[in-house]
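S.K.: Note that the protein sequences, when read in sequence, are chains L and H.
In this text, residue positions in the first sequence follow this note's numbering: the first is 1, and each later residue adds one.
In this text, residue positions in the second sequence follow this note's numbering: the first is 301, and each later residue adds one.
The hints are simulated quantities; they were obtained by calculation from the structure and are not laboratory data.
The C-beta atom is built at its ideal place from N, Cα and C for all residues, glycine as well.
Don't take each hint at face value.
Said to hold, decoys possible - To give an idea of the interface, some chain L residues facing chain H are shown, with a C-beta separation under 8 Å as derived from the structure:
id	residue
1	Thr36
2	Arg76
3	Tyr80
4	Gly86
5	His90
6	Leu103
Unchecked claim - Here are a few chain L residues that sit away from chain H, every Cβ distance over 12 Å (derived from the structure):
id	residue
7	Thr8
8	Leu23
9	Ser56
10	Glu70
11	Gly149
12	Ala151
13	Asp160
14	Gln182
15	Gly186
16	Lys187
17	Arg210
18	Ser220
19	Ser234
20	Thr261
Stated by the list, open to error - Residues of chain L clear of chain H, computed beta-carbon distances all greater than 10 Å:
id	residue
21	Pro89
22	Arg112
23	Asp195
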Amino acid sequence: MIEFHSVTKRFPDGTIAVDDFSLVVPSHKTTVFVGTSGSGKTTLLRMINRMVDPTSGSIDIDGADIGTLEPVKLRRSIGYVMQNSGLLPHRKVVDNVATVPMLRGMPRKKAREQALALLDTVGLDRSLAERYPSQLSGGQQQRVGVARGLAVNPNILLMDEPFGAVDPIVRAELQQELLRLQRELGKTVVFVTHDIDEAFLLGDQVVILRTGGKVAQVGSPAQILANPIDDFVSTFVGAERGKRSLHVENHGNGNIVVDETGRLAGVLVASQSTAATASGSESRAGPRGPGASVQGGDSR
Amino acid sequence: MTWIWSNLDLIWDRTFDHLILSVPSIILSFVIALPFGWLAYRYRSSRAVILTTVGLLYAIPSLPLFIVLPFIVGTSIRSPLNLIIALTLYGVALMVRVVADGLGSVDRDVRQSATAVGFSGWSSFWRVELPLAGPVLLAGLRVVAVSTVSLATVGAVIGAQSLGSLFTDGFQRGIEAEIIVGIVATVLLALALDAALVLLGRLLMPWTRRSAIGVTARPAPVIREVAA
Ligand SMILES: Nc1ncnc2c1ncn2[C@@H]1O[C@H](COP(=O)(O)OP(=O)(O)OP(=O)(O)O)[C@@H](O)[C@H]1O
Ligand SMILES: [Mg+2]
Numbered sequence: 001m002i003e004f005h006s007v008t009k010r011f012p013d014g015t016i017a018v019d020d021f022s023l024v025v026p027s028h029k030t031t032v033f034v035g036t037s038g039s040g041k042t043t044l045l046r047m048i049n050r051m052v053d054p055t056s057g058s059i060d061i062d063g064a065d066i067g068t069l070e071p072v073k074l075r076r077s078i079g080y081v082m083q084n085s086g087l088l089p090h091r092k093v094v095d096n097v098a099t100v101p102m103l104r105g106m107p108r109k110k111a112r113e114q115a116l117a118l119l120d121t122v123g124l125d126r127s128l129a130e131r132y133p134s135q136l137s138g139g140q141q142q143r144v145g146v147a148r149g150l151a152v153n154p155n156i157l158l159m160d161e162p163f164g165a166v167d168p169i170v171r172a173e174l175q176q177e178l179l180r181l182q183r184e185l186g187k188t189v190v191f192v193t194h195d196i197d198e199a200f201l202l203g204d205q206v207v208i209l210r211t212g213g214k215v216a217q218v219g220s221p222a223q224i225l226a227n228p229i230d231d232f233v234s235t236f237v238g239a240e241r242g243k244r245s246l247h248v249e250n251h252g253n254g255n256i257v258v259d260e261t262g263r264l265a266g267v268l269v270a271s272q273s274t275a276a277t278a279s280g281s282e283s284r285a286g287p288r289g290p291g292a293s294v295q296g297g298d299s300r
Numbered sequence: 301m302t303w304i305w306s307n308l309d310l311i312w313d314r315t316f317d318h319l320i321l322s323v324p325s326i327i328l329s330f331v332i333a334l335p336f337g338w339l340a341y342r343y344r345s346s347r348a349v350i351l352t353t354v355g356l357l358y359a360i361p362s363l364p365l366f367i368v369l370p371f372i373v374g375t376s377i378r379s380p381l382n383l384i385i386a387l388t389l390y391g392v393a394l395m396v397r398v399v400a401d402g403l404g405s406v407d408r409d410v411r412q413s414a415t416a417v418g419f420s421g422w423s424s425f426w427r428v429e430l431p432l433a434g435p436v437l438l439a440g441l442r443v444v445a446v447s448t449v450s451l452a453t454v455g456a457v458i459g460a461q462s463l464g465s466l467f468t469d470g471f472q473r474g475i476e477a478e479i480i481v482g483i484v485a486t487v488l489l490a491l492a493l494d495a496a497l498v499l500l501g502r503l504l505m506p507w508t509r510r511s512a513i514g515v516t517a518r519p520a521p522v523i524r525e526v527a528a
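The following block holds chain L by itself, in its conformation from the complex (with noise of 0.2 Å):
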């Protein structure tokens, strides 16, 4: 469990990027910090492995005050994914996802083997493992970057805007990628997205922010979406727009659930059609559309 206290972050020229932020992340849950461009996700993310200290305010990890914690000992204990996979391009991959045990001092066979094992777990040909990064697409290069943050087997996992910069098909596979990882290892997922289809999809827990790092809502998808706290929120969210409001349309067939607009949004399954009444189940069928559950199979 990670917990803000009060967290402000106010940098030497005077940005006052964080603002009085309280939050209790859950463990084993992804959460997700979702805002516009500045509001203060990077900055937040950052606390948690003390690459950013607040000015004022504390943060525990598990019950501890990571600010009595030694930096890069936390930091090798934390795993850590960012846009453009932030690998070492002088590294194989490979060995970008031994680095971190070998920093912990794992023998360098052990370190790799694992590495190997690893590139399974996250959808990865083993037979890129000699490559650059530059040698891969951007798409190889972000699971790398997840393997890397796998490596150490931490409890949380910080992910920065990973899948800011691939194209959305293969975003999406990530994303899928992720939410069977993240069932089958149940870790505490801190995740940052501009995107607020993205966060709905990913997040337990989303997190809407506004310039200056203040907090606009904190909820479920399915509680943000049915009671959006103001007008920031339901425009952030597209609420507003009608973008969420769903209806269904029977097309002789089966029942195809349109969004207000009139775009297909995807379609309704018999057994979860009375569910499907309530807003929470209404929001999560927009990202599942068909425009978002492309599968691109293990081809990669």
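Given the coordinates of chain L, assemble chain H with the ligands onto it according to the supplied hints.
M.R.: Just chain H with the ligands now, with coordinates in the frame of chain L:
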């Protein structure tokens, strides 16, 4: 031509003298430039001071330096050590800026991700920043190598043996072949050291050989290696 054949031993000895002067100077310049370059890169406030100071070093004329240096450090004027110190100073003057620029050229995302996964400042410098600055450092080192080899000839004027001695001697005794050999051998030595550095770079930085490919391109390493 006959002069060459009858003086092969002499040419070889002077080449060796020249190497004794140049190689240690090149290595020392690199080693000494590292901490200063790092300081200039790391602390903005120190950057201007350090870079200007080392820039001025390069403006010192070489001959007076060769003559004055013994009085400062207490070596004999003809000692190779005297020359090595002077050549190292010039090398440092070039290299400090290169180190600062090289470290600055490392991608910010990569540096941050190294920190994020738990490299300490020290290990990040040696294992991430320095290797990734490698191509820039190598380019700088090649300039230093060539300029050191050519500067070393000046030592001949004050009597320190090098390939430069061949043309001072050739002038004095009016042996044209000796002058030409001195010049050609100096150029060849510079080229040889340059080639050695390029080779060393390839060995130490294997990733630079292949990473010229775009992100989406399917690599075909075998073909590229032949082409390269
Ligand atoms: N090192 C820094 N020095 C000064 N200001 C900073 C620094 N890092 C971030 N900021 C400022 O803090 C605010 C929040 O930045 P942050 O990177 O956390 O935003 P973000 O929500 O991650 O944005 P994005 O979606 O663009 O990544 C911004 O106004 C930014 O300019
Ligand atoms: Mg950010």
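S.K.: Given arginine 76(L) as an interface hint, is its Cβ closer than 8 Å to any Cβ of chain H?
M.R.: holds (3 Å)
S.K.: Holds or violated: is the Cβ of leucine 23(L) farther than 12 Å from all Cβ atoms of chain H?
M.R.: At roughly 21 Å from the nearest Cβ of chain H, leucine 23(L) sits farther out than 12 Å, so the non-interface label holds.
S.K.: Should the interface hint for threonine 36(L) be scored as holding, given a Cβ-Cβ cut-off of 8 Å against chain H?
M.R.: violated (21 Å)
S.K.: Find the nearest Cβ of chain H to the Cβ of glutamine 182(L) and say whether that gap is larger than 12 Å.
M.R.: Given that every Cβ of chain H is farther than 12 Å from that of glutamine 182(L), nearest at about 20 Å, it holds.
S.K.: Can we confirm that no CB of chain H comes within 12 Å of the CB of serine 56(L)?
M.R.: Holds: least Cβ distance 23 Å, greater than 12 Å.
S.K.: Could you let me know if the closest chain H CB is still more than 12 Å away from the CB of glutamate 70(L)?
M.R.: Given a closest Cβ separation of 10 Å, the condition is violated.
S.K.: Hey, does aspartate 160(L) actually stay past 12 Å from chain H on C-beta?
M.R.: The assertion about aspartate 160(L) is violated, with a minimum of 9 Å to chain H.
S.K.: Holds or violated: is the Cβ of histidine 90(L) closer than 8 Å to a Cβ in chain H?
M.R.: holds (5 Å)
S.K.: Would the least Cβ to Cβ distance between alanine 151(L) and chain H come out above 12 Å?
M.R.: Answer for alanine 151(L): violated, closest chain H Cβ roughly 9 Å.
S.K.: Confirm or reject the statement that serine 234(L) sits farther than 12 Å, beta carbon to beta carbon, from all of chain H.
M.R.: Consistent with the label, serine 234(L) stays out of reach of chain H, its closest Cβ about 34 Å off (over 12 Å).
S.K.: Minimum Cβ separation between lysine 187(L) and chain H greater than 12 Å?
M.R.: holds (16 Å)
S.K.: Report holds if the minimum CB distance from threonine 261(L) to chain H is greater than 12 Å, and violated otherwise.
M.R.: The claim holds: threonine 261(L) sits with its nearest Cβ about 34 Å from chain H, beyond 12 Å.
Hints 1, 10, 11, 12, 13, 21 from the earlier list are contradicted by this structure; the remaining hints agree with it.
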